[in-house]
Each structure stands twice: as structure tokens, then as C-alpha cells.
Amino acid sequence: MENLSGVLKKHFGFDSFREGQKEIVEDLVNGRDAIAMLPTGGGKSLCYQLPGYILKGTAVIISPLVALMEDQVAQLKMNGEKRAIALNSFLSFDEKKSALFHLSEYRFIFLSPESLMHERVLDALKRIHISLFVVDEAHCISQWGHDFRPDYSLIGHARRKLNKAPCLAMTATATEEVLKDIQSSLYMTEPILHVYSVNRPNISIMVKEARGLEDKLSQLSELVSRLEGPGLIYCAGRQWTEKTVSYLKETGRKRIAFYHGGLENEQRMLIQQQFINGQLDLVCCTNAFGMGVNKNDIRYVIHFHMPARMDAYMQEIGRAGRDGLPAIAITLYDPEDVQLPLFMIEKEFPVRDELQAYLSSIEIDPSFKLEIEETHERFILHHAEKLKSKDWNEKTDQIWKIIQERQQNKTEKLWNMVKWYSTETCRRSGILAHFGEKSDSPSFTRFCCDYCGMELAPYYGQTKASLGYEAAEGWKNELKLMFKVSEPIVQKTK
DNA sequence: CGGATCACATATATATGTGATCCGGTGCGATATT
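All the letters of the first sequence, read from the start, carry residue numbers 1 to 494 under UniProt numbering.
Since the hints were made in silico from the structure, they are not lab data. A virtual CB, placed ideally from N, CA and C, is assigned to each residue, including glycine. A hint or two may mislead.
[To be verified] Quick list of simulated restraints, FRET-style, between CB atoms:
no., residue 1, residue 2, range
1, Met344, Asn3, 46 to 54 Å
2, Lys419, Met78, 40 to 48 Å
3, Lys82, Arg127, 17 to 25 Å
4, Ser389, Met344, 29 to 37 Å
5, Arg160, Asn265, 29 to 37 Å
6, Val351, Glu214, 32 to 40 Å
7, Asn409, His102, 17 to 25 Å
8, Lys369, Gln398, 18 to 26 Å
9, Asn3, Arg226, 49 to 57 Å
10, Glu190, Ser389, 50 to 58 Å
11, Ser184, Gly278, 38 to 46 Å
Produce the complete structure using the sequences and hints provided.
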């Protein structure tokens, strides 16, 4: 293993590994499966790129967004690696055909779970020697695989049809339940877990009660005008991102934009790029914004509406303060807001009548298909495929059962979130408990959260100065405690 | 469930109130059309 540092220097120009990287690389090179839950920010891609250079063959990387694949390929090409390709809908038919024909010539292949399920793609992958099978942003398996993007739940199935190669799943935020989901869904064999704490001590957490729209908007405006940016504002609907932007523009904010899934691709890329380059101070967005936003100086994240789950909340606030400097997460909490996510959980799945009508329609006359929502249809077809031998009545019963379980599961997570908002104890310990971590309370200071005595005043104006970088010694020591380097909390075979 | 939007009525000629109605997040790939 002594040549690891040599490869590190040769291909990446680094003299030493960052925390966690070396161990993960070693596992893969030794042919072991691994799950890596690393603190947000730098160095995740090195965990698969370096073994990709050591092991013979082609590394396959599953990625959730075309934009992420393109980023990774561009990054590799900047480093002088030409044998990288993203197999996605950006390619023309001919380009794709040619790429599949010459597949073995690539060292890194990026693709979505949906592409992986295509027979032509899978057949081409079967013919080449795969060095490494990587799932990036692996929490998507748990977050989307059960309903929104069912192909995410079939990755493991496809993987077993390929030559046996070490498997790496990477994510920044996952509960124990999600880690288990990832492991079993990918059929990993005795994976080594590299799990680091989700705690981000430099992010102070605050919940401010706000009742009704007017109260919220005025509190938001106050916060935005006094806090130092750049900042993110998360809203629960597309219309809200647009509304808050026009409100804040009226009250004098200028470099601000909204972002949601309904925008043109070009527009989305533009806004993300402008925000990263510092041409925008503020982005009001839905949960569409986040993955692939590599910006390390975000100073605050405000939730204009509450998120539906704790792990989503952690992912969203975790976008702040990646530079290690003080940052804040504030939720404007209105207990009434729970109605929105509740409604969405209802709407996400077909009702029983719809399910039954659709199943009978495709069985009786496949040429006449009942028109239903695309997500509903995909969900039904995915599960109907697994119940091929049953008649439509039995399919209806079984799938309806699954729908009820999914809705129950999601509702439970939502109520956990609500419970966290309304529990009167340290916010951070509440979060850590949710992730199965024990909280070592000595590291909690008055910057921790609203229950530990955090106040907003010091964050107003120049953050660094008012938080004690150039002020009292006592504050400095408290900050040092907050920024202590995290140790891996789990590193064992499961 | 909350909010926005619109049609309509009301007491007066421009604004306000009421009820009906609609809508609400996340993205891959494929296909057809300009």
C-alpha cells in the first residue's frame, strides 16, 4: 500500500490525505465494500477517483443529477483525464451508440440509475471489466428509491449482474435507518462503515416562532437586512420562492433570485453559478437547490417553511459554514405550516380508486391506458412489475398496502420534525439523538442554539468581529471548542 | 389547510367584502415537433 501517496501526488498533486480518505481508498483497493458518510465539503470524489487509478478496469459511478455528472467529468478533464464520460440524455443517439461500443476505453463512467436499468447499457457494462462500483449521494436510495425515482431501489439488482467489484456508497447525511437501507438495497457484503458525526458545531441553530404570512415576511426582512450573507432561504413551494423574492426586492434587497424545479435548465444553471461566484447574495429556493452547490462561505440558511424530515433539514442547513466559520440556521416556525407537507404526502400517491382503475384499465385493454399523474404511474408500474403473476385485484390490494405503509412512514418522519420544533431542550442534542449519536455536551456553548442561550445580536453586522475573532479571549476559547476536529464515530465491519 | 385569484355584489362611481375554485416538491429518459 506504500504507493498510495505516490498515486495521490501523481494524479492529484496532494502531499497528504484529508481526514477519512486514506482508509476508504485502502478498503476499496483491498477489494472491500464501504459506506462513507463524510462531513460535507471537500474530498469525496478523491475516495473513488484514486482507487479508480489503482484498480484495473472502469469505475462506474451512479449519480442523481445530470448536472453533477457533468461537473465531475469536467473536473476530471481539467485534471487531464480524458477517459471520463457521462452517459446521459445530453448525448445524441449516435454519440451514445459509439460510447457504448467503446465502453472499455473509459476509466470513469457516470450515469443515472435510470440509464443503468436500460438493457442496452447494462449489456454493454456486462462486457467490460468494472474496477469499482460507486453510488454518489447514496441517501437518494432511501429518499427517492421507495417512490419518486423507483430505479434507485434497483441499483443493487443491476449491480449483481455485473462482474464483482468493490462497492462504495457515499453521502454526507444519513440516519441509521438510511444507512441500513443503503447497505441492503445495494446488496453490499460486509461493508466497512466510515461514519463521521453529522454535528456541525460552527452552525448555530435557532427556531423563531412566526404566526401568519405578515409576521413571517417582516421577520424575514429584518433578518435578511441585518445578517451578513451570502444566505439561502428555503420555501415549501415554487410560488413562495417568487413571492419572498419580490417582497425582499421591494424592501431594498437587490442581488437576490429565486430557484425552483419549474425554471428552465439554463436559468437554473445561471442562478447557481452566480450564487457560487458571489454575484448573488441571496437565493430563495425549494428543496431543488442544494446538491452540487459547492460554496463554502454561506453564512446563513433560513427556513421560511419547515422541511418534512430531519435528514432533509440537516442536508439543507449543512450547506452553511463549510469554511468552518460561524454560520446560522434559523427556522421561522408556524405550527400551521405542517399542513403543507401533510398535503404533499397525500398527493404523492394515488388514492385506492385511482390505483384500482389504472390497474384494471391496463389489464383489460393495454392499448387504452388511463391518464394519471406521471409519478403515480411510475410508482404503480414499478410495483406491479414485482407482482406480475397476480391479477389486478390482488395487485390493487398489495400495492395499496405499500402506499399506506409509505404514507405512514413519511407522516411519522414529519411528526418527528414537528416534535423537534416544539420540544424545549437543546436543539443540537435533539438532532444528534435523531442520528443515533450521543451528544457530548461540554462542546455546546452559548453559540449552540436558542435553548443554550444563543442570541442573534452578535451575528448582526460584521460576523467575525462581533463573534470575538478580534475581541475578548473568552469568546475565542469557546470558538476553539466549537471547531474541534471530529473523530470518526463508527469505523467497523458490519 | 392556507393563500391567491376571480367573479360578483354592494353602496356609490372607486373601493371593499364574500364565496367559489384552484393549487401545492424532488428528475431521470424518451418522443415528437418546430
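We went through each hint and held it up to the structure:
no.	hint	result
1	Met344 <-> Asn3: 46 to 54 Å	holds (51 Å)
2	Lys419 <-> Met78: 40 to 48 Å	holds (46 Å)
3	Lys82 <-> Arg127: 17 to 25 Å	holds (22 Å)
4	Ser389 <-> Met344: 29 to 37 Å	holds (33 Å)
5	Arg160 <-> Asn265: 29 to 37 Å	holds (34 Å)
6	Val351 <-> Glu214: 32 to 40 Å	holds (35 Å)
7	Asn409 <-> His102: 17 to 25 Å	violated (43 Å)
8	Lys369 <-> Gln398: 18 to 26 Å	holds (20 Å)
9	Asn3 <-> Arg226: 49 to 57 Å	holds (54 Å)
10	Glu190 <-> Ser389: 50 to 58 Å	violated (34 Å)
11	Ser184 <-> Gly278: 38 to 46 Å	holds (43 Å)
Hint violations for this structure: numbers 7, 10, all remaining hints satisfied.
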